[in-house]
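Protein chains in written order, with our numbering: chain C, 1 to 352; chain R, 1 to 352; chain P, 1 to 352; chain S, 1 to 352.
Hints listed in this document are in silico derivations from the structure and should not be mistaken for laboratory results.
All values reported here derive from a predicted model rather than from experimental measurement.
Careful: at least some of the hints might be erroneous.
Using 20 Å as the maximum straight-line C-alpha spacing, the simulated EDC-like pairs for lysine to aspartate or glutamate come out as follows [what the hints assert, rightly or not]:
| hint | chain 1 | residue 1 | chain 2 | residue 2 |
| --- | --- | --- | --- | --- |
| 1 | C | K201 | R | D292 |
| 2 | S | K52 | C | E168 |
| 3 | R | K52 | P | E70 |
| 4 | C | K169 | R | E168 |
| 5 | R | K52 | P | D292 |
| 6 | P | K201 | S | E168 |
| 7 | S | K169 | S | E291 |
| 8 | P | K131 | R | D86 |
| 9 | C | K5 | C | E30 |
| 10 | S | K52 | C | E242 |
| 11 | S | K131 | S | E225 |
| 12 | P | K169 | S | E291 |
| 13 | R | K169 | C | E168 |
| 14 | C | K52 | S | E291 |
| 15 | P | K97 | P | E59 |
| 16 | R | K169 | P | E291 |
| 17 | P | K262 | P | E242 |
| 18 | S | K5 | S | D86 |
| 19 | S | K52 | C | E303 |
| 20 | P | K52 | R | E168 |
There are 4 protein chains.
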Amino acid sequence: MSKLKVGILGATGTVGQRFVQLLSAHPWFEIAYLAASERSAGKPYAEACNWKLSTPMPERVRSMIVEEPEPGTFDGPVVFSGLTGDVAGPVEEAFAKAGYAVVSNASSHRMDPDVPLLIPEINPEHLQLIKPQLERRGWKGFIVTNPNCSTIALCLALAPLERAFGVEKVFVVTMQAVSGAGYPGVPSLDVLGNLIPHIPKEERKIEEETRKIFGRVVGAEGAIEPHPMRLSAQTTRVPVLEGHTETVFVQLREEAPIDEVKRAMREFRALPQELGLPSAPGRPVVVLEAEDRPQPRLDSELEGGMATVVGRVRPCPLTSVKFVLLGHNTIRGAAGAAILNAELLKAQGYVP
Amino acid sequence: MSKLKVGILGATGTVGQRFVQLLSAHPWFEIAYLAASERSAGKPYAEACNWKLSTPMPERVRSMIVEEPEPGTFDGPVVFSGLTGDVAGPVEEAFAKAGYAVVSNASSHRMDPDVPLLIPEINPEHLQLIKPQLERRGWKGFIVTNPNCSTIALCLALAPLERAFGVEKVFVVTMQAVSGAGYPGVPSLDVLGNLIPHIPKEERKIEEETRKIFGRVVGAEGAIEPHPMRLSAQTTRVPVLEGHTETVFVQLREEAPIDEVKRAMREFRALPQELGLPSAPGRPVVVLEAEDRPQPRLDSELEGGMATVVGRVRPCPLTSVKFVLLGHNTIRGAAGAAILNAELLKAQGYVP
Amino acid sequence: MSKLKVGILGATGTVGQRFVQLLSAHPWFEIAYLAASERSAGKPYAEACNWKLSTPMPERVRSMIVEEPEPGTFDGPVVFSGLTGDVAGPVEEAFAKAGYAVVSNASSHRMDPDVPLLIPEINPEHLQLIKPQLERRGWKGFIVTNPNCSTIALCLALAPLERAFGVEKVFVVTMQAVSGAGYPGVPSLDVLGNLIPHIPKEERKIEEETRKIFGRVVGAEGAIEPHPMRLSAQTTRVPVLEGHTETVFVQLREEAPIDEVKRAMREFRALPQELGLPSAPGRPVVVLEAEDRPQPRLDSELEGGMATVVGRVRPCPLTSVKFVLLGHNTIRGAAGAAILNAELLKAQGYVP
Amino acid sequence: MSKLKVGILGATGTVGQRFVQLLSAHPWFEIAYLAASERSAGKPYAEACNWKLSTPMPERVRSMIVEEPEPGTFDGPVVFSGLTGDVAGPVEEAFAKAGYAVVSNASSHRMDPDVPLLIPEINPEHLQLIKPQLERRGWKGFIVTNPNCSTIALCLALAPLERAFGVEKVFVVTMQAVSGAGYPGVPSLDVLGNLIPHIPKEERKIEEETRKIFGRVVGAEGAIEPHPMRLSAQTTRVPVLEGHTETVFVQLREEAPIDEVKRAMREFRALPQELGLPSAPGRPVVVLEAEDRPQPRLDSELEGGMATVVGRVRPCPLTSVKFVLLGHNTIRGAAGAAILNAELLKAQGYVP
């Protein structure tokens, strides 16, 4: 089987580089198109991109010429979008209109009522929105998005709880890595030996996206009814490179002993695991028992960075349970999430 | 007026150094006695102590000989204890028995029913416990303690809320500086570019101490009835040098608009301010309006490190209000807290 | 005596903030004019400036309106320039032409043959260049510069060696703080848990500026003949906030025992100390004996950040002596250096 | 071919963990014996060892019981020593006496006249010392050592220069990672946002070991005549996790254009490459052209952490050439070095 040709929008940025890294060894997909801003266009990728990952830039892409993000030059069916929220909107729409399956990590369309905000382990049925999206917008292609990096890590940990016991309330405080802010991102003068208790728009994203993700598809024209769980988030930036840590307090609908809670997390498997999608983590939720884990530097790359790693699961005096979770923010929190979404699209026939 | 002679137990440690620094310029107290472990005893302080503060070691103490912590050699009325929790217990008792006022930062006696766990802005009336303590134990002196570093910062922020509206529930997640673990403390291999989601015993201290601090003195023999508020804490260690940051969600007994909440915090004054105690912060609670503050590196030293700095006060979808607070963990969270306690003891005649 | 009115060009930047901080408490000077880029102009300083120092913004400047850097609006005799090298050139010239004494920290004019590159402890006689500068350029005012931050720290340590023994060769490797790169400066993604072995143009600045600073004024028209010492520098950026550390190997013209070398450094005093200039450090070179000092976090602020702190002075198997030095890069390495220069200008009658 | 059984002394420490990690996937060797201090003895490795690497502890060793380091219980021919210098001496001797080939990373025996201080790319002929060592000491086994972590990285970069042009003088300033100090090692309070310009004994190690490594075997009884090159080192500790950076100035015996210098480095190959030893890096010296590389976080793992990575090779105004180098301190600088030594021993028949 020949590989499916894919493109990357925003290929030179922090998320774009992860797309390049992860897709270069992908069994189903092959990078055939790299697009970035005007400043990079026309240059070989090796020259346009200030590569910041500790694995070397893949040989294959070094000489590929970076193009401006315009539909037409590339004929493959899928483009991944690593664009930042401020520019993604119209570019992604142009590609969707032109017939591409746009698999986006950007925030621009996440809360659009007809755009799936997809976590394949949780809401694969939200792909039903694609049909009404095509119809309503009159496009030949469509847009599918993945959640914000801190939202996705949280949702993976909540999913087994929701399935087994129901989730009513969630308090979450995040300690997020600097790579989540892209490049150049957070100035070292701000964050060295310091922390910043504010990440613009992040708290609202967590509170809103989570309810959409766990929502139900309702009605003929496929709208999402948000899940009734209630959330309150506080987000901070800490001097960590990769891996968002989140401390969580959860009120379950149905109380459960801690062992049951851990077991639900540990045994959680879902559609991507059943389908054997190439990027699906064997264990979507990894539960650690050591009292001082998870730690971002030591545990972010478990399951290839595609799982949420949970630790310190214990009773809470005020809710049902409290715990600490960790997600790799540029793998499962960004590029890896989009790639898993594309794998599900392919497995379910939404792309050829 | 000649100054009151004071001693310092554990004078060479992280907290001990802060005692030395803060007391060297104190208007009421004069360091007359420095004690530390066997290893240091007999040496001049300049040699015994691996000074780690960025202000120079005060000239006066450089040649003072460090002694072993035994009552008798020093005749002043007050000893401050910067001992660690594992050794403080019996040493402090020996000094109290011998007639000293032991003003301790150690955890050993904090939860003893007859020992005040004092924050002068909040519970000065807990000094009533001293009399029954003397009687019950048959000591000539007594022990007064200050809370754990993260507890004290939290309580200062809660105090105006409790006074104005009542506090029912508190969720708190801390991001604590490495100086809170003493020296050598946290290995750099553990915390560089990382965070550790566990500080031994810290969560229980926050949950229990807070209820004692806000408790009422009841009965003839002066026991403390804990406050009925309920707390749930999660604590983490982050690569920050000084300043514990805490994100807090508070359920008030009586709901209040955000402006009222901020005003209560801003206008909060209490006994230490009325008495004009030398170490009392002008504003026990400083409220910042910038959306990305407080930050430990920039804001810890406001009010000389003696205040709790609060920011991002905003409504919470799940409780009444959420905010971020910051306390200087080795000043108001340790040595400075004990010194303010000693000032109150003197102002109220508990020491000559 | 009323204070001399001074202005600050680039007042909102990293160096500009230090100017504001240091000048707000200055006994001779008073801030009367704040200028910055178009983006800031017209706003009160408190609003235009993203204040990053851990002492609060001085009250006096908060409401001062920031102006565009154009001569005329301000009638005081002195402007300090904290502009970056890419924009400083023409702006500083315009102010000098209009009659101001421009005391600059920028690199633009440092190597101009008729512009003093001044360290008051080393080459106060270079102020003789001002007269020919005025004549040749036909200006009513003039420009005086201070060296690059790493150069100045090095030169202060070399000065007593040059005076006592002569300096022939210098190898220097720097480990420079991130504040030296301004704001936003070095991205945290680049420098967290990392170091960057390259600072653009820095090595040439050290090698060239040092020779000019130690050079002789020759000829009627006042040119500087560079000192014949030879230097080789390697510069790196490290995750430190303030304080440039430099490891140095020096070949003296006349060999000297280590004790003599240290004594020469310790006893070094010069014109600013004799004149008692307000910002002159009591000891321009502080020599530490502890084998693990100086350290940027602990020792940068000795002598108010105006000294070079030297440690580990020891024989070198390949040259005469090797040692480690530390300089506060935004005080003596920038704003403080310029202020000391202005003080010398005033003391010697170059400004009214 | 069945694998050779090997043991690890000091198996629970920082270097010991690297041995475990690297040997678990080794094609020739198989871990059959884990020894550590009394405190760990008797426990399964998973319990005895506070694993600090970001790859998981290999399954195979988790249940292996850690023993006290005494010869006899283990019958394999090779033990690797990751012991610290203060305890290694007698333990290693006991094992050598009992007939084991002791392949040591410890400093205790490095400078013994009859013990090879081996870098297989540079001085494989030093293995001639083994015979006289056996005879003189009357042992059944022997000790072979690898150099100190910063020495080995330096020597690999010097080797091609020595071979092609001769090396006369070397100035080196190191910026060393905290992992080089073991665990708990450097306290975070000391090194966060700071650097420490002193590493005990490190400078002498670099200066002395290098001359032995490049020395000649002379005389019938096989002594090493040190190489006449002269070195001067200054060493510092920086807040970096892995990867020692070194800035170097080299005086060559025969001057050479920079391109020749780089070519010599790039094309350098030696015995381990010829023999195809499993841990031999394809390129012992990697030369980077980007002006801001090498960087420890990005480049330490090139060639599996077994190469020295060099950058910024350029002319020096005072010597022939200056450059920056980087070595992975716990792979090529410790465990990996010893493993490559053992591979050479096996390839040359010193072990069965």
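So, going through the hints one by one against the coordinates:
no.	hint	verdict
1	K201/C x D292/R	holds (12 Å)
2	K52/S x E168/C	violated (37 Å)
3	K52/R x E70/P	violated (46 Å)
4	K169/C x E168/R	holds (17 Å)
5	K52/R x D292/P	holds (12 Å)
6	K201/P x E168/S	violated (29 Å)
7	K169/S x E291/S	violated (25 Å)
8	K131/P x D86/R	violated (71 Å)
9	K5/C x E30/C	holds (5 Å)
10	K52/S x E242/C	holds (17 Å)
11	K131/S x E225/S	holds (17 Å)
12	K169/P x E291/S	violated (25 Å)
13	K169/R x E168/C	holds (17 Å)
14	K52/C x E291/S	holds (15 Å)
15	K97/P x E59/P	violated (32 Å)
16	K169/R x E291/P	violated (52 Å)
17	K262/P x E242/P	violated (25 Å)
18	K5/S x D86/S	violated (27 Å)
19	K52/S x E303/C	holds (18 Å)
20	K52/P x E168/R	violated (37 Å)
The structure shown violates the earlier hints numbered 2, 3, 6, 7, 8, 12, 15, 16, 17, 18, 20.
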